[in-house]
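Q: Using the sequences provided together with the hints, build the complete structure.
2 protein chains.
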Amino acid sequence: MSGIRAQQKEKTRRQLIDAALGQLSADRSFSSLSLREVAKEAGLAPTSFYRHFSDMDELGLTLVDEAGLTLRQLMRQARQRIEKGGSVIQISVRIFMEFIESNGNIFRLLLRERSGTSPAFRAAVNREISYFTLELCDYLQQANKLDAEVASLQANAAVTIVFSAGSDALDADKKDREHLAYRTIQQLRFIARGAMELGQRIEVNKS
Amino acid sequence: MSGIRAQQKEKTRRQLIDAALGQLSADRSFSSLSLREVAKEAGLAPTSFYRHFSDMDELGLTLVDEAGLTLRQLMRQARQRIEKGGSVIQISVRIFMEFIESNGNIFRLLLRERSGTSPAFRAAVNREISYFTLELCDYLQQANKLDAEVASLQANAAVTIVFSAGSDALDADKKDREHLAYRTIQQLRFIARGAMELGQRIEVNKS
DNA sequence: TAGAATAGCGTACACGTGTACACTGAAAAC
DNA sequence: GTTTTCAGTGTACACGTGTACGCTATTCTA
Numbered sequence: 001m002s003g004i005r006a007q008q009k010e011k012t013r014r015q016l017i018d019a020a021l022g023q024l025s026a027d028r029s030f031s032s033l034s035l036r037e038v039a040k041e042a043g044l045a046p047t048s049f050y051r052h053f054s055d056m057d058e059l060g061l062t063l064v065d066e067a068g069l070t071l072r073q074l075m076r077q078a079r080q081r082i083e084k085g086g087s088v089i090q091i092s093v094r095i096f097m098e099f100i101e102s103n104g105n106i107f108r109l110l111l112r113e114r115s116g117t118s119p120a121f122r123a124a125v126n127r128e129i130s131y132f133t134l135e136l137c138d139y140l141q142q143a144n145k146l147d148a149e150v151a152s153l154q155a156n157a158a159v160t161i162v163f164s165a166g167s168d169a170l171d172a173d174k175k176d177r178e179h180l181a182y183r184t185i186q187q188l189r190f191i192a193r194g195a196m197e198l199g200q201r202i203e204v205n206k207s
Numbered sequence: 208m209s210g211i212r213a214q215q216k217e218k219t220r221r222q223l224i225d226a227a228l229g230q231l232s233a234d235r236s237f238s239s240l241s242l243r244e245v246a247k248e249a250g251l252a253p254t255s256f257y258r259h260f261s262d263m264d265e266l267g268l269t270l271v272d273e274a275g276l277t278l279r280q281l282m283r284q285a286r287q288r289i290e291k292g293g294s295v296i297q298i299s300v301r302i303f304m305e306f307i308e309s310n311g312n313i314f315r316l317l318l319r320e321r322s323g324t325s326p327a328f329r330a331a332v333n334r335e336i337s338y339f340t341l342e343l344c345d346y347l348q349q350a351n352k353l354d355a356e357v358a359s360l361q362a363n364a365a366v367t368i369v370f371s372a373g374s375d376a377l378d379a380d381k382k383d384r385e386h387l388a389y390r391t392i393q394q395l396r397f398i399a400r401g402a403m404e405l406g407q408r409i410e411v412n413k414s
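Chain order of the listed sequences is P and G.
Just so you know, we're using my numbering here: the first sequence kicks off at 1 and counts up by one.
Just so you know, we're using my numbering here: the second sequence kicks off at 208 and counts up by one.
Simulated from the structure, these hints should not be mistaken for laboratory data.
For clarity, every value in this text was computed on a predicted model and none was experimentally measured.
Accuracy of the hints is not assured; some may be wrong.
Pairs of lysine to any residue residues, derived as SDA-like cross-links and limited to a Cα-Cα distance of at most 25 Å, are as follows [unchecked claim]: (1) P:Lys174 with P:Leu44; (2) G:Lys382 with P:Leu21; (3) P:Lys174 with G:Ala327; (4) G:Lys381 with P:Arg122; (5) P:Lys145 with G:Ala327; (6) G:Lys247 with G:Asp262; (7) G:Lys381 with P:Ser118; (8) G:Lys216 with G:Leu268; (9) P:Lys174 with P:Phe99; (10) G:Lys381 with P:Ala123; (11) P:Lys11 with P:Leu44; (12) G:Lys382 with P:Leu134; (13) P:Lys175 with G:Pro326; (14) G:Lys352 with G:Ile392; (15) G:Lys381 with P:Leu44; (16) P:Lys174 with P:Ser164.
A: This is the structure we're talking about:
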């Protein structure tokens with residue numbers, strides 16, 4: 001049932017995806033990639049591209065999904081390390097920075113398409129980020145016994161800060177990155193502390 | 208000495224700038240603009256473009272400067288309203304949201320080029336944002352008597368949060384924007400409170 | 001007032017783009 | 001074993017791009 005044919009098709013599909021990912025870099029955005037370039041890099045005739053994607057946009061959305069997948073693997077990894085004990089904030093930031101270091105181009109893709117010209121891309125990226133945020137929100141609510149709204153606000157702010165730091169890290173050298181990580185950790189502490197203090201007050205006001 | 212000639216030149220230069228700004232929109236980024244399109248929109252022959260800019264990049268950097276100017280005018284406006292009294296955070300967020308509403312495309316330009324493919328563009332945008340942050344930092348240090356480092360951390364975090372909210376606001380309708388503004392205000396309060404509390408502790412540790 | 005400088009125009013060229021179309025050979029279906 | 005399906009190829013086309021080059025008309029300079 002696997003089908004020697006379907007198998008081969010899947011393989012060249014991957015070649016296209018990998019070719020696209022491989023061309024992404026600091027000075028090459030997805031939107032600047034041409035169908036012909038990607039096909040060529042994958043060792044395909046330009047017109048064969050259409051056997052797999054109807055559009056460069058369709059390829060792009062696939063890439064965003066891949067990126068989201070990578071991001072979620074990251075979270076799983078983080079959770080495991082956190083369960084072994086240690087500062088949640090420190091571990092999270094360190095893991096995220098490691099992600100940037102080894103997946104810079106994937107992260108760039110997310111950053112760029114988030115503010116890009118395609119509504120579909122923007123929506124796709126925001127969806128991935130909202131998964132990320134939601135998981136953090138659940139964690140905060142459970143671990144810190146926070147009000148749902150407060151946890152949501154804190155999670156959103158934290159993810160924003162971390163992503164922004166990741167963006168800065170892309171252009172930074174090793175030295176700067178350490179400083180960046182320290183800064184981010186402090187800022188996340190500010191937010192956590194503020195959420196604790198003001199969260200209680202919001203609760204009181206509600207009752 | 209003004210020179211009827213230099214005067215005319217300046218005028219068509221502005222036409223080019225305005226033509227470029229006018230073409231920017233939610234689904235049209237600067238990098239997708241072609242020299243020919245801009246020249247045409249400005250009512251010029253393609254080759255005449257070179258009399259004013261050597262490159263589309265040069266035009267782009269000029270646009271970023273313009274955007275930075277607009278941003279600084281915004282700050283001046285905010286300071287005036289704050290001096291008349293009222294919540295600093297609330298007024299700042301409201302003003303920023305008004306800015307997004309009436310200068311969406313300029314803000315989009317900054318957002319996009321910040322993560323774009325041109326190092327020069329990225330640097331230019333980050334410079335403008337750092338002016339913004341520095342002014343806020345000075346204010347915080349002075350008004351809240353904060354430690355320089357703490358003020359810097361808080362200012363950076365606040366600007367990050369506000370810009371991110373601005374980014375979200377671009378795709379939001381009026382209803383969503385109010386909610387967004389509320390969320391942002393809460394988050395800024397978290398940060399401010401956290402900075403106050405933890406800032407003191409940092410001071411203590413230092414001594 | 002003669003000559004230099006220059007903003008703007010039109011033509012021309014090479015190049016990269018997306019994609020329509022007809023074709024081939026191998027796997028799948030019957 | 002025959003027919004059908006289909007991943008991949010090569011050719012071809014129209015189009016938009018940046019920009020080199022020579023020209024004109026007007027303003028500036030001396």
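Q: Take the hints in turn and mark each one as holding or not.
A: We went through each hint and held it up to the structure:
1. P:Lys174 with P:Leu44: With Cα atoms ~38 Å apart, lysine 174 of chain P and leucine 44 of chain P exceed 25 Å; violated.
2. G:Lys382 with P:Leu21: Given pair lysine 382 of chain G, leucine 21 of chain P is violated - Cα atoms ~38 Å apart, limit 25 Å.
3. P:Lys174 with G:Ala327: Distance of about 21 Å is within 25 Å: holds.
4. G:Lys381 with P:Arg122: Given pair lysine 381 of chain G, arginine 122 of chain P holds - Cα atoms ~19 Å apart, limit 25 Å.
5. P:Lys145 with G:Ala327: The given pair, whose Cα atoms are some 46 Å apart, is violated under the 25 Å limit.
6. G:Lys247 with G:Asp262: Satisfied, since the Cα-Cα distance of roughly 16 Å is no more than 25 Å.
7. G:Lys381 with P:Ser118: Roughly 21 Å separates the two Cα atoms, so the pair holds.
8. G:Lys216 with G:Leu268: 19 Å, holds
9. P:Lys174 with P:Phe99: 14 Å, holds
10. G:Lys381 with P:Ala123: 18 Å, holds
11. P:Lys11 with P:Leu44: Distance of about 12 Å is within 25 Å: holds.
12. G:Lys382 with P:Leu134: 22 Å, holds
13. P:Lys175 with G:Pro326: Distance ~19 Å between lysine 175 of chain P and proline 326 of chain G Cα, so the pair holds.
14. G:Lys352 with G:Ile392: 21 Å, holds
15. G:Lys381 with P:Leu44: At roughly 47 Å apart (the allowed maximum being 25 Å), leucine 44 of chain P and lysine 381 of chain G break the hint.
16. P:Lys174 with P:Ser164: Holds: lysine 174 of chain P and serine 164 of chain P sit about 17 Å apart, inside 25 Å.
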